[in-house]
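Number of protein chains: 2
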Amino acid sequence: MSRVTVTYRVSVRPADVAAVAEGIALEQSVELPASAVHDAEIKANIAGRVTGIRQHGEELFDVDIELATATMGGNVAQTINMLFGNSSLHAHVELVDVRFPEDLLATLTGPRFGARGFRDVVGVQDRPLTCAALKPQGMSVESLAQLCETLARAGIDVVKDDHGLADQTYSPFPPRVQACQRAVDRAYAASGHRAIYAPSVVGSPRRVAEQVRIARDAGARALLLAPSLLGLPAFAELVRDDVEVPVIAHPSFGGATRIAHPLLMGTLYRALGADAVIFPHASGRFAPPASECRELAVRACAPLGRLLPALPVPAGGLQLDSLGEVIAFYGSDVMLLVGGSLLADAARVGERAARFVTAVVKASLARDEARA
Amino acid sequence: MSRVTVTYRVSVRPADVAAVAEGIALEQSVELPASAVHDAEIKANIAGRVTGIRQHGEELFDVDIELATATMGGNVAQTINMLFGNSSLHAHVELVDVRFPEDLLATLTGPRFGARGFRDVVGVQDRPLTCAALKPQGMSVESLAQLCETLARAGIDVVKDDHGLADQTYSPFPPRVQACQRAVDRAYAASGHRAIYAPSVVGSPRRVAEQVRIARDAGARALLLAPSLLGLPAFAELVRDDVEVPVIAHPSFGGATRIAHPLLMGTLYRALGADAVIFPHASGRFAPPASECRELAVRACAPLGRLLPALPVPAGGLQLDSLGEVIAFYGSDVMLLVGGSLLADAARVGERAARFVTAVVKASLARDEARA
Chain A
78 MSRVTVTYRV SVRPADVAAV AEGIALEQSV ELPASAVHDA EIKANIAGRV TGIRQHGEEL
138 FDVDIELATA TMGGNVAQTI NMLFGNSSLH AHVELVDVRF PEDLLATLTG PRFGARGFRD
198 VVGVQDRPLT CAALKPQGMS VESLAQLCET LARAGIDVVK DDHGLADQTY SPFPPRVQAC
258 QRAVDRAYAA SGHRAIYAPS VVGSPRRVAE QVRIARDAGA RALLLAPSLL GLPAFAELVR
318 DDVEVPVIAH PSFGGATRIA HPLLMGTLYR ALGADAVIFP HASGRFAPPA SECRELAVRA
378 CAPLGRLLPA LPVPAGGLQL DSLGEVIAFY GSDVMLLVGG SLLADAARVG ERAARFVTAV
438 VKASLARDEA RA
Chain B
78 MSRVTVTYRV SVRPADVAAV AEGIALEQSV ELPASAVHDA EIKANIAGRV TGIRQHGEEL
138 FDVDIELATA TMGGNVAQTI NMLFGNSSLH AHVELVDVRF PEDLLATLTG PRFGARGFRD
198 VVGVQDRPLT CAALKPQGMS VESLAQLCET LARAGIDVVK DDHGLADQTY SPFPPRVQAC
258 QRAVDRAYAA SGHRAIYAPS VVGSPRRVAE QVRIARDAGA RALLLAPSLL GLPAFAELVR
318 DDVEVPVIAH PSFGGATRIA HPLLMGTLYR ALGADAVIFP HASGRFAPPA SECRELAVRA
378 CAPLGRLLPA LPVPAGGLQL DSLGEVIAFY GSDVMLLVGG SLLADAARVG ERAARFVTAV
438 VKASLARDEA RA
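For the record, the sequence lines run as chains A and B.
Just remember that this note's numbering sits 77 ahead of the position in the first sequence, which is counted from 1.
Just remember that this note's numbering sits 77 ahead of the position in the second sequence, which is counted from 1.
Hints in this document: simulated from the structure, not taken from any laboratory.
Be aware that one or more of the hints could be misleading.
You can't tell identical chains apart in this list, so a pair holds if it fits in one copy or across any two.
Claimed, not checked - Under the rule of at most 20 Å between Cα atoms (straight-line distance), these lysine to any residue pairs were calculated in the SDA-like manner:
no.	residue 1	residue 2
1	LYS120	ASP141
2	LYS120	VAL218
3	LYS120	THR82
4	LYS439	THR246
5	LYS439	SER368
6	LYS439	GLY200
7	LYS120	GLU219
8	LYS120	SER88
Build out the structure end to end from the sequences listed, making use of the hints.
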């Protein structure tokens, strides 16, 4: 009997925790009171069961529940349904951990390139990668392409669309993607540095599949996808069936989900196919706890069945003058995403981007020397 | 300039609310500090702007922000991206209302049948509809079909799959749906009462489209879909392109979203194509505030551009002996979903289902007489 062990963090009085835990186990499996389950097989093999309760705070508990893998029906949507379908309607319950058994892990795509494969595409193995964003939205295709070329010539490894760029009238998807890819190609010809351009692809499943084809035909060598925005099942299917280049996952709309961010962005985005995962760093404008950032980065790379590791991408307001601290915090196997900080002065974007690249190389060398 | 007015509920100290509101307006549009937006057109037409701040509690404010419709790019995923993409990563921000301009409303599918069209399919206009669920999962196809026939013969209007039924090995989708549809057909032949069977369809976009075809070929006359589980963009596309029967929306995984439930389930599920929306009633095992339930039901039916009203479906532990109160609370234009309460005694399911049907008819008549 294969089972998935799920941990829920529950705000509840100590006297009630046993009953609440039992309630979640039933809600997330048979969805009936135990007394209304008449079939012995179903009681034994399908009904969820509580296997652990740990006190985490005065009125806060971690509850472990085993759910039958068979209920998850071999698909992502149904797996989410069983992990956190109806119990999501209980405001006092948060999904904080999932331990997948080997047979379920084997059905997941995971990263197809992984951290190392993504680095192979970029062509850099031994230092943190640099990433910058094309924004603000509202810019014309020509202006975006010009910015893209400036960043690429400055030596940025990966230039990604702002996740807000979709298929708007002021910068429609096909000409934008074609123009930005040509921009990095021009920068390569001029400077010898080959940046990767990652277009943002956002929409309903069929529209997104079409945009993936357009990006491929334009020669784009990575994609930016927001799994929670597309819907986790749609994201997983798209990566598995349609995408042939590394996938950078963006956390947009992910924060709206009452699933602990390290689980959602570190484990689940990776398990569903992300090769790199963007997440807010503690020092930026989203300011999550540092311990959460570290756990997220660790989960992105930690052993998980046969799944490849994904590259952590701290972001959300990184400043040029504190990159050394960020590298010290995560180590060198990351990609650093600096967005707005490069764009504050329109006349000096290239200069600031070059400073970013130099700062990363220097900080990384300093760190390696200190460790040697 | 068409703009969408979005209301966020923000937990913040009074001294900080103006800056936080401005921060959301920028985050959800240009994603740059105002000082880094150099283009006057973008400043004027693309950057979000704060249009109202109302105190809601000691450290709780409702903030109105206008976002340019042009940024939403005419698609559901990008609209969610602009409404609550990065700001979802701020735990102190909840999305509580959206007022769509006419031009954006015109791009939304909305219910294709609506409350009245759904009632036409069921064949009942003048009283609350009755709905029961096939569960627990783990039952064989034969047992589910038998339960389905029992409920249909008892006079239930709509028999739906438990939302946990997917495509599991113990009750695979195709034979289950075919057997349950044959069960309601047999009940019709035997009793003259024609129940609607609504299979639960859950999975990734291509898999779900295939299941919709299987359900159609089997003759199913409604579908149960969980928009938040499929992903809102995938749900909207599926309903628009593939589904030809009324859609009952299930709230599974919807509670995980930090979007006020009346907005999510009452307005958004409807706007994206639900003809009926299931939600937890105040007296059941999910116990949301009664005011929230009422607002959700009102939003499902309230005028919204040219969109048809959706039928509210209170659920989540309704008891047979308190249906009169539920009808008094919502009025008669609802469908009442009674699940586990019918199934407590395996030998008396038909009897209890018949009691449910009779109770609804009586309570509805009593209410009509009291009002006449």
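Status of the hints after comparison with the structure:
1. For the identical chains of this complex, LYS120 and ASP141 are intra-copy neighbours only, at 18 Å inside a copy versus 50 Å across copies, given an alpha-carbon limit of 20 Å.
2. Within a single copy, LYS120 and VAL218 get their C-alpha atoms only as close as 60 Å, which misses the 20 Å cut-off; across copies the closest is 17 Å, which meets it.
3. Taking CA atoms no more than 20 Å apart as the test, LYS120 paired with THR82 passes inside one copy only; the shortest distance there is 17 Å, against 50 Å between copies.
4. In this assembly of identical chains, LYS439 and THR246 lie within 20 Å of each other by CA distance neither inside one copy nor across copies; the values are 41 Å within and 56 Å between.
5. In this assembly of identical chains, LYS439 and SER368 lie within 20 Å of each other by CA distance neither inside one copy nor across copies; the values are 26 Å within and 59 Å between.
6. In the homo-oligomer, the alpha carbons of LYS439 and GLY200 lie at most 20 Å apart inside one protomer (18 Å), although the nearest pairing across protomers, at 74 Å, exceeds that limit.
7. Proximity of LYS120 and GLU219 under a CA criterion of 20 Å is satisfied inter-copy only: 18 Å between copies versus 63 Å inside one chain copy.
8. Taking CA atoms no more than 20 Å apart as the test, LYS120 paired with SER88 passes in neither setting, with 27 Å inside one copy and 44 Å between copies.
Violation of the numbered hints given earlier is confined to hints 4, 5 and 8; the remaining hints are satisfied by the structure.
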